[in-house]
Amino acid sequence: MFLIDLSPLLKVSARLLDLHDSSRGPGASTQYQTEERPGLKDGRYVSIASEVLAALQDSGKQSGDEYASLDYVVLQVRETLDWAHELDVEFVLNVLSRPTELKLLQTDEESSHVIGDKETNLVEKAAHLSEYRLSRLGRKALAMATDNLDLAYIEGDVTKLLRALETGKLEQAMRFLDRLIDQLRTEQLALVSIIEKSSGGRRVLDSLFDDLENFEGTMRRAAELVNKAQAQVSVLARGAGPKNMDQDVPFGLVQDRVRELQRGIVGYSRRLSELASKSLSATSTSVPAPAFAKLALRMVVIPPNALQTDFILHEMGPVFPQLNYPMGTDWRHSIKPKTTKAAQSISLDLGEFSLPPEDRFLEWMGKNQTAFNTSIAEGPLTIQDAIKHWASAEGTESDFACVVAALTSPEEWLTIEGVQSVMDRTLTISALPGADAMHSSLSLAVISPILPEESQNDAI
Amino acid sequence: MTPFEMGRISAYLLKHRKIEFRKEKRGRHKDEHELAELLKDAPQESMTDLCELMNGYGFDLITLTTFDVSGIGSGERVFMLSRKPNVECPLLDLPRALERIEPAGGRTVQAKVWLTQFWLLHLDLIYTQRDRGADERNKWLDATFTKDALIEAMREHINEGVRRLNPETLADNEIYEVLTSEKGVSIDRYAKRFLDLMVDAFMLEDKGNGVYRQTLLSAVEMKENYGRILEPLMLADRERLPGKGFAGITEPLLVESVHGEGEAA
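If you're matching them up, the sequences are chains B and C in order.
Heads up: the first sequence is residues 1 to 460, going by our numbering.
Heads up: the second sequence is residues 1 to 265, going by our numbering.
One should not assume that every hint holds.
[To be verified] Covered stretches of chain C (chain B as the covering partner; in silico rule of three or more C-beta atoms under 8 Å from a C-beta of chain B):
no. : region
1   : 44-53
2   : 94-108
3   : 141-152
4   : 156-167
5   : 196-208
6   : 215-225
[What the hints assert, rightly or not] Pairs of lysine-lysine residues, derived as DSS-like cross-links and limited to a Cα-Cα distance of at most 27 Å, are as follows:
no. : chain 1 : residue 1 : chain 2 : residue 2
7   : C       : Lys139    : B       : Lys294
8   : C       : Lys30     : C       : Lys183
9   : C       : Lys25     : B       : Lys228
10  : C       : Lys30     : B       : Lys294
11  : B       : Lys169    : C       : Lys84
12  : C       : Lys15     : C       : Lys25
13  : B       : Lys11     : C       : Lys183
14  : C       : Lys25     : B       : Lys294
15  : B       : Lys294    : C       : Lys40
Hints in this document: simulated from the structure, not taken from any laboratory.
Even for Gly, the Cβ is constructed at its ideal location relative to N, Cα and C.
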């Protein structure tokens with residue numbers, strides 16, 4: 001028969017019982033009046049109850065939940081608690097087997113209502129007989145009291161996680177992960193507090209870990225198991241997991257949580273080593289906290305120089321960044337442009353594509369059509385003038401070619417009526433950038449309509 | 001992480017000293033969550049680059065998770081810039097802090113005295129009186145005090161400590177003169193300025209109703225820097241401990257290191 005500690009159950013339910021029994025009316029003071037719990041102040045009945053429940057559990061196991069006699073229970077209890085009287089044990093059994101009605105508010109989707117719950121007895125008493133056995137709730141209570149949340153059993157918990165992942169039960173895996181991470185965080189922060197407390201030479205409590213080396217081994221094995229869990233997550237990620245995998249839980253979330261657990265376990269192991277090394281170097285249990293007020297007074301007696309004060313304040317006191325440099329992000333979303341957004345233009349990369357000569361001529365002519373028309377209207381436009389105007393100085397080869405094409409094919413582009421092209425055999429030299437060109441004389445001019453027989457020159 | 005993102009993160013860190021990745025986005029700076037996600041997902045090489053960049057500025061970039069310190073939820077991270085104890089950070093500006101204590105020009109000495117004394121007394125409230133060592137970063141959530149307690153501590157410090165010193169041995173002592181010239185009204189005024197300054201410099205958090213709590217940044221810097229900056233000054237108080245003989249060289253050591261850093265910068 002192993003020892004059952006009922007104190008965790010008592011502790012967790014004490015405040016809840018106070019709330020259940022409270023008679024505070026709506027609008028009354030929020031202060032809680034401490035309620036008297038007189039009792040005998042020796043804890044004897046709770047102690048007997050532990051033994052009674054353990055005895056009944058033992059008897060239930062042996063006899064298949066048969067009722068046990070009062071004598072048997074008394075005998076079992078007195079084996080451990082020799083001061084317990086038979087009447088004490090009977091009293092405890094009577095209390096444990098009495099159903100107390102609790103009033104609980106139950107809320108469902110539509111309404112809330114108060115229900116009475118009488119299933120509170122931990123022990124069942126046989127009708128008409130002084131015989132007892134554990135009730136369903138009694139078994140549950142013992143399971144809760146012995147549920148060991150000690151981190152020393154983390155190995156088993158991580159194994160459960162691994163199995164859940166292997167069978168694709170992600171929802172269950174998430175529950176395990178949440179519990180493990182929460183437990184690990186609580187334990188680790190407690191360890192951090194101890195390590196921080198032991199800094200500066202304070203001695204760590206010797207009884208903190210009975211077997212530090214063994215505990216480190218446990219954490220190492222737990223870390224290996226989490227690595228396996230991580231590998232299993234990778235298998236699931238590749239879609240090679242079981243077919244009936246839970247689909248409701250986001251897979252990325254499971255991955256993140258397993259990674260977090262891995263970091264936690266590795267960190268915990270590292271801190272255990274740190275604690276071990278600190279324990280070796282600890283010298284005293286009574287290193288005082290730094291006395292800052294004394295230092296303040298010492299600074300009055302022996303004033304530090306300006307450099308020292310500046311250094312201390314600069315390195316540890318309140319300081320600000322040198323200046324408030326404006327950052328681009330300061331104005332993000334706060335300044336709106338006045339003009340409407342320009343229409344998007346599509347930029348195409350034409351690569352080595354070049355326009356056909358006809359298109360290039362039409363493009364060139366489009367730019368210069370007006371100038372041509374003006375020149376022709378003002379008088380005859382000779383090829384020398386055209387070359388001088390469009391193709392010399394800043395003109396290119398392409399401009400020269402376009403001028404020649406324009407003068408020799410006016411019917412392709414002319415928009416004004418009555419223009420005639422006249423060519424004579426006089427040779428003229430025009431200067432182009434980098435070369436001179438010799439050509440016949442050619443001119444375009446607006447003329448009044450004439451009869452065919454009056455024509456003297458070659459006409460195109 | 002691109003250079004542009006690294007620039008945004010470093011600019012934000014220099015301005016706010018921390019970036020928190022929290023699940024709850026409400027009440028936080030609009031850029032903070034975005035930058036925190038960048039930091040959280042940053043590859044190792046980028047983080048190394050960013051840490052080195054911050055080292056160059058005179059800071060350590062410290063990452064804390066739920067397993068490192070209280071006050072950080074599961075899956076959350078806090079990235080913060082802690083001043084390096086051996087490097088004088090050129091980006092930080094002490095005179096601006098002094099102006100907050102004493103806005104009137106030409107009163108820098110008074111400002112330094114009040115700031116240093118209030119700063120040490122507030123540390124006394126959240127460390128000494130709680131029997132808390134400088135390394136005990138994890139207790140930052142419980143490190144609260146009230147404005148009244150700080151004022152009372154300063155009043156007691158001046159009346160029971162400073163005014164009882166022998167004035168003849170303290171001739172031309174500026175700190176003594178500044179503190180003893182207090183006529184009963186200055187303490188409240190300077191306490192308010194000090195607390196506002198500490199809140200704006202991210203060292204204290206105003207919890208309302210005159211209650212202030214140490215920030216995680218302050219607890220981190222105390223843990224990181226106490227040993228190099230303040231502990232040498234405490235040595236003289238610990239006569240029974242080995243190392244007493246070194247107390248005498250604290251001052252020259254401190255001054256030399258400041259000179260050295262200044263020249264290097």
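For each hint, the structure was consulted:
A count of 0 residues in the region 44-53 of chain C with a Cβ less than 8 Å from any Cβ of chain B is obtained; the coverage claim is therefore unmet, three being the minimum. Figure legend: the region 94-108 of chain C, annotated as covered by chain B; annotation consistent (3 residues with Cβ-Cβ distances under 8 Å, at least 3 required). Given as covered by chain B, the region 141-152 of chain C fails the check, having 0 residues with a CB less than 8 Å from a CB of that chain where 3 are the minimum. With a cut-off of 8 Å between beta carbons, the region 156-167 of chain C has 4 residues touching chain B; three or more are needed, and the interface restraint holds.
Residues of the region 196-208 of chain C with a Cβ under 8 Å from some Cβ of chain B number 5, which satisfies the need for three, so the listed coverage holds. Taking a C-beta to C-beta cut-off of 8 Å, the region 215-225 of chain C contributes 4 residues in contact with chain B, enough for the three needed, and the coverage statement holds. The hinted pair formed by Lys139(C) and Lys294(B) meets the criterion: a straight-line CA distance of about 22 Å does not exceed 27 Å. Restraint check: the Cα-Cα separation between Lys30(C) and Lys183(C) comes to about 46 Å, which exceeds 27 Å; the hinted pair is violated.
Distance restraint check for Lys25(C) and Lys228(B): the Cα-Cα separation of roughly 34 Å exceeds the 27 Å cut-off, and the hinted pair is therefore not satisfied. Distance hint between Lys30(C) and Lys294(B) is unfulfilled; the C-alpha atoms sit about 44 Å from each other, more than 27 Å. Only pairs whose Cα atoms come within 27 Å are accepted, and Lys169(B) paired with Lys84(C) is rejected, the gap being roughly 47 Å. Between Lys15(C) and Lys25(C) the CA atoms are separated by roughly 20 Å; this keeps the pair inside 27 Å, and the hint holds.
Of the supplied pair hints, the one linking Lys11(B) and Lys183(C) is violated, its CA atoms being roughly 54 Å apart against a limit of 27 Å. Restraint check: the Cα-Cα separation between Lys25(C) and Lys294(B) comes to about 43 Å, which exceeds 27 Å; the hinted pair is violated. About 43 Å separates the Cα atoms of Lys294(B) and Lys40(C), which puts this hinted pair outside 27 Å; it is violated.
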